[in-house]
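First to last, the protein sequences are chains A and B.
The first sequence begins at 1 in UniProt numbering and counts up one residue at a time.
The second sequence begins at 1 in UniProt numbering and counts up one residue at a time.
No lab work stands behind these hints, which were simulated from the structure alone.
Mixed in with the good hints, there may be bad ones.
Note that identical chains are pooled: a pair holds if it fits in a single copy or bridges any two copies.
Straight-line Cα separation of at most 20 Å, EDC-like style, residue types lysine to aspartate or glutamate; simulated pairs [stated by the list, open to error]:
| id | residue 1 | residue 2 |
| --- | --- | --- |
| 1 | 106 | 90 |
| 2 | 43 | 113 |
| 3 | 106 | 8 |
| 4 | 33 | 81 |
| 5 | 106 | 30 |
| 6 | 72 | 8 |
| 7 | 82 | 65 |
| 8 | 82 | 66 |
| 9 | 33 | 113 |
| 10 | 82 | 35 |
| 11 | 43 | 7 |
| 12 | 33 | 7 |
| 13 | 85 | 113 |
| 14 | 82 | 113 |
| 15 | 43 | 98 |
| 16 | 33 | 13 |
| 17 | 55 | 7 |
The structure displayed is predicted, hence computed values, not measured ones.
Number of protein chains: 2
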Amino acid sequence: MSVNIYDDINRLEGTLRQTTEFTALQHAVDAVKSDEEALALFKSFRDLQMKLQDKQMKGEEISGEELEYFQKTAQLAQGNEKIEKMLHAEMALSGLIEEVNRVLMKPVQAIYEGI
Amino acid sequence: MSVNIYDDINRLEGTLRQTTEFTALQHAVDAVKSDEEALALFKSFRDLQMKLQDKQMKGEEISGEELEYFQKTAQLAQGNEKIEKMLHAEMALSGLIEEVNRVLMKPVQAIYEGI
Ligand SMILES: [Ca+2]
Ligand SMILES: [Ca+2]
């Protein structure tokens with residue numbers, strides 16, 4: 001390392017927490033947490049998603065019934081205003097973090113230029 | 001956004017370029033570039049890797065012969081001192097960029113706590 005990159009990483013993290021993208025996600029998650037129906041829907045959706053991903057990673061078969069049930073749950077979750085808002089806030093914040101990675105990877109990719 | 005996160009991202013990028021991990025990769029890549037044998041080996045390895053990944057993504061079959069040829073090329077490449085050094089330098093720099101992502105994702109994950 002030698003230069004202290006951690007100062008810059010920590011400064012960036014502090015600024016990230018102040019962005020409108022970050023605070024919007026905080027508010028959107030709080031809105032879901034405090035709405036019984038939205039919270040139950042979101043939990044069902046996330047638990048099913050994790051269960052299916054787990055099966056997929058283990059190479060286990062996912063039945064048509066399971067997939068159908070998951071799709072219905074996903075549809076219900078996405079149709080909920082508060083969950084929808086939260087998913088959009090997640091995407092916006094992800095976009096910002098992807099931007100960090102794009103900026104950091106640019107000089108790394110440049111190293112390989114001409115190879 | 002509202003706060004100017006780009007200043008912090010750009011400062012971090014500037015510091016990243018000064019880390020020993022970054023300059024070590026620059027030197028390791030330069031060493032491969034200026035060694036005819038290492039460069040040819042690395043290019044064969046990378047081109048084959050991209051070709052096979054492309055086939056895999058398209059769902060095309062990869063023959064046993066192709067796989068065997070790839071493995072031999074990979075073995076030869078990794079056995080080359082200069083390429084080996086470059087691959088290690090890549091991993092060290094990747095570790096640093098993963099660390100940035102870990103630090104940034106920590107407050108994001110905290111938002112979901114208790115859900
Ligand atoms: Ca809606
Ligand atoms: Ca060796």
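Consistency of the hints with the structure:
| no. | hint | verdict |
| --- | --- | --- |
| 1 | 106 / 90 | between (24 Å within a copy, 14 Å between copies) |
| 2 | 43 / 113 | between (46 Å within a copy, 13 Å between copies) |
| 3 | 106 / 8 | both (18 Å within a copy, 16 Å between copies) |
| 4 | 33 / 81 | within (13 Å within a copy, 55 Å between copies) |
| 5 | 106 / 30 | between (36 Å within a copy, 17 Å between copies) |
| 6 | 72 / 8 | neither (44 Å within a copy, 42 Å between copies) |
| 7 | 82 / 65 | neither (27 Å within a copy, 53 Å between copies) |
| 8 | 82 / 66 | neither (25 Å within a copy, 50 Å between copies) |
| 9 | 33 / 113 | between (48 Å within a copy, 10 Å between copies) |
| 10 | 82 / 35 | within (8 Å within a copy, 58 Å between copies) |
| 11 | 43 / 7 | neither (37 Å within a copy, 37 Å between copies) |
| 12 | 33 / 7 | neither (34 Å within a copy, 34 Å between copies) |
| 13 | 85 / 113 | between (41 Å within a copy, 18 Å between copies) |
| 14 | 82 / 113 | between (46 Å within a copy, 17 Å between copies) |
| 15 | 43 / 98 | neither (26 Å within a copy, 28 Å between copies) |
| 16 | 33 / 13 | neither (24 Å within a copy, 36 Å between copies) |
| 17 | 55 / 7 | neither (41 Å within a copy, 43 Å between copies) |
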